[in-house]
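Peer 1: Letter by letter, the chains look like this.
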Amino acid sequence: MSALTLTLKAPLTQRVDCSPLTPDFLAGKSLSEIASIALHSGNRKLRVDALFDLTGDDSSNIIIQNSSAKLDFLGSKMQSGSLTVHGDAGSYLGFQMKKGEITVHGNAHAYAASGMAGGIMHVNGNVGDYLAAAIPGDRKGMKGGTVIITGNAGDRAGDQMRRGIVLIEGNAGAYCASRMLAGTIGVLGSVGDYAGFGMRRGTLLLFQTPKLHATLQDCGSHTLPYLKLMFKAFQALPSRFAAIDNTRVRRYAGDLACDGKGEILVFG
Amino acid sequence: MIINGVTIDDTFAEAFGMRGTRVLITAQNLTWAYNAANAMTGFATSVIACGVEAGIEREMTPDETPDGRPGVSVLLFAMGSAVLMKQLETRLGQCVLTCPTAAAFSGIEGGDRINLGKNLRFFGDGFQISKQFGGKRYWRVPVMDGEFLTEEKTGMVRAVGGGNFLVLAESQPQALAACEAAIVAMKKLPNVIMPFPGGVVRSGSKVGSKYKTLIASTNDAFCPTLKGITRTDLSPEIESVMEIVIDGLTDKDVREATRVGIKAACELGAANGIKRISAGNYGGKLGQFQFHLREIMSGEAA
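So the protein sequences, as listed, match chains A and B. Position 9 of the first sequence, counting from 1, maps to 99 under our numbering, and the rest follow consecutively. Position 234 of the second sequence, counting from 1, maps to 419 under our numbering, and the rest follow consecutively.
Bear in mind the hints are in silico, worked out from the structure with no lab data behind them. Think of the CB as a built atom: it goes at the ideal place given N, C-alpha and C, for glycine as much as any other residue. Careful, some of the hints might be misleading.
The calculated DSS-like cross-link candidates involving lysine-lysine, where the alpha carbons are at most 27 Å apart (straight line), are [what the hints assert, rightly or not]: (1) 460/B with 412/B; (2) 188/A with 233/A; (3) 351/A with 301/A; (4) 321/B with 322/A; (5) 189/A with 338/B; (6) 412/B with 351/A; (7) 303/B with 351/A.
With the C-beta cut set under 10 Å, the calculated list includes, among others, these residues of chain A facing chain B [unchecked claim]: (8) 253; (9) 291; (10) 313; (11) 320; (12) 346; (13) 347; (14) 351.
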């Protein structure tokens, strides 16, 4: 069995909702059935084979070739298997994903990993704003799983995040970990202004001291034994975080304007 | 059956189904891991009055423990799951939470999941922090030395308690020497503990008493000073009897510990005053498990 490969035929002018293109939804379907699935694009419905050339038969392992930043909802509500995207991904990558693996060799747009509850997402590139955040109307962002971003993330990464691990190897924009409820976000590079704004709980791991606003308070330097467990768990991940083994941090707690039980740990 | 001049009685040890759990305790160094583990397994010789029978199973190197620090593994056994859970929580709270640098982790992956640090987190008064890695939940509880780190759950399994054998010798020092040798050998085995002081118990009991309020009393048939006035089980040359009680996670573990212990005791042999090996039972009526000494030692007899 070879991977089910969908190759985008031509550049897109309109955004396309790709939420049906998941291993679970395509399981047991023949190539002709898959070809006839309707994808929403604006006020039109387009057949899959109008947009993509299809080859392969293993729908548990889907590959999107020649991908475009206009392909939204890739891997949405995915519950098994793997999805590999060569090229950019649009908004809502892995939206409410529950299990499985998404790999993107390119950039992803806004709301990547929003509402994600499990599985692993690996973006070999940059992501837009609202990584792992809640969409408007939702009260919780990412609820579980692991996200690795090798590039940079936009503003509001981890907004209202509830659980899970987000590892950003590049920089993150403003309001990183804003309104965070729980979980762990790590940023190897820099973060923008107002990191941890409105943070209630959760952990933001940083390797450069950020500019902190007044309601985040210094709790001093500490050796935290739990970090050993955490980095041990990271060792299996395909990320630069896997090589870190440091338990010495400066702990800033806050946001005191919002309960103040969150923490920003800055490694020395 | 005679091994190295020591008679192995044609009898059996009677053991009971228990509930058992394992906890890994780590600390900055082995000394402090032992301080916590010794406190946690203190006053845990017999379920009759202690609630649990507990002991240190073995030392663990930093690469074996979840947090990469030196530690020890502790086994706890109780007659029921409710009392085991209660004892685990109180002992963890009073002995490990309190011990500088100590942390506690699950030592059994399968089994029924029971609370380890789940309720101790409330000591954090709202400042406690939960973290999940690899599908396991851990709690970070702020304490005066830094943070108390504990896993939320550990595993509880059906286990075996009350395996035993008796060493009958010509003198007290010789009985003790044989028991010490047996304990040294048995401590190398996984999945078992010998819960009594130093692993050895001298006050074996029989069921019942002349006093109505007592359900158990001294086993006069094995008391050497009563040889002449009671229905004794001892021949004239026996001057001292000591017992080793074994709790293990499976009957196979208890069987192996019995074999290794008796073998080590018999190595001292009749030349060192060790005359007989026997075992305690209740006629086979009370316990679910029977460990027949001759069957267990059949591979060892010359």
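Peer 1: Take the hints in turn and mark each one as holding or not.
Peer 2: Hints and how they fare:
1. 460/B with 412/B: 16 Å, holds
2. 188/A with 233/A: 9 Å, holds
3. 351/A with 301/A: 19 Å, holds
4. 321/B with 322/A: 13 Å, holds
5. 189/A with 338/B: Since the Cα atoms of residue 189/A and residue 338/B sit roughly 24 Å apart, the hinted pair holds (cutoff 27 Å).
6. 412/B with 351/A: Outside the cut-off at roughly 70 Å; violated.
7. 303/B with 351/A: Roughly 19 Å between the alpha carbons, so the hint for residue 303/B and residue 351/A holds.
8. 253: This hint holds: residue 253/A lies near chain B, its Cβ roughly 7 Å from the closest one there, short of 10 Å.
9. 291: Since chain B brings a Cβ to about 7 Å from residue 291/A, closer than 10 Å, the hint holds.
10. 313: The hint holds - residue 313/A has a Cβ within 10 Å of chain B, the shortest such distance being about 7 Å.
11. 320: Holds. Min distance 6 Å.
12. 346: 13 Å, violated
13. 347: 17 Å, violated
14. 351: 7 Å, holds
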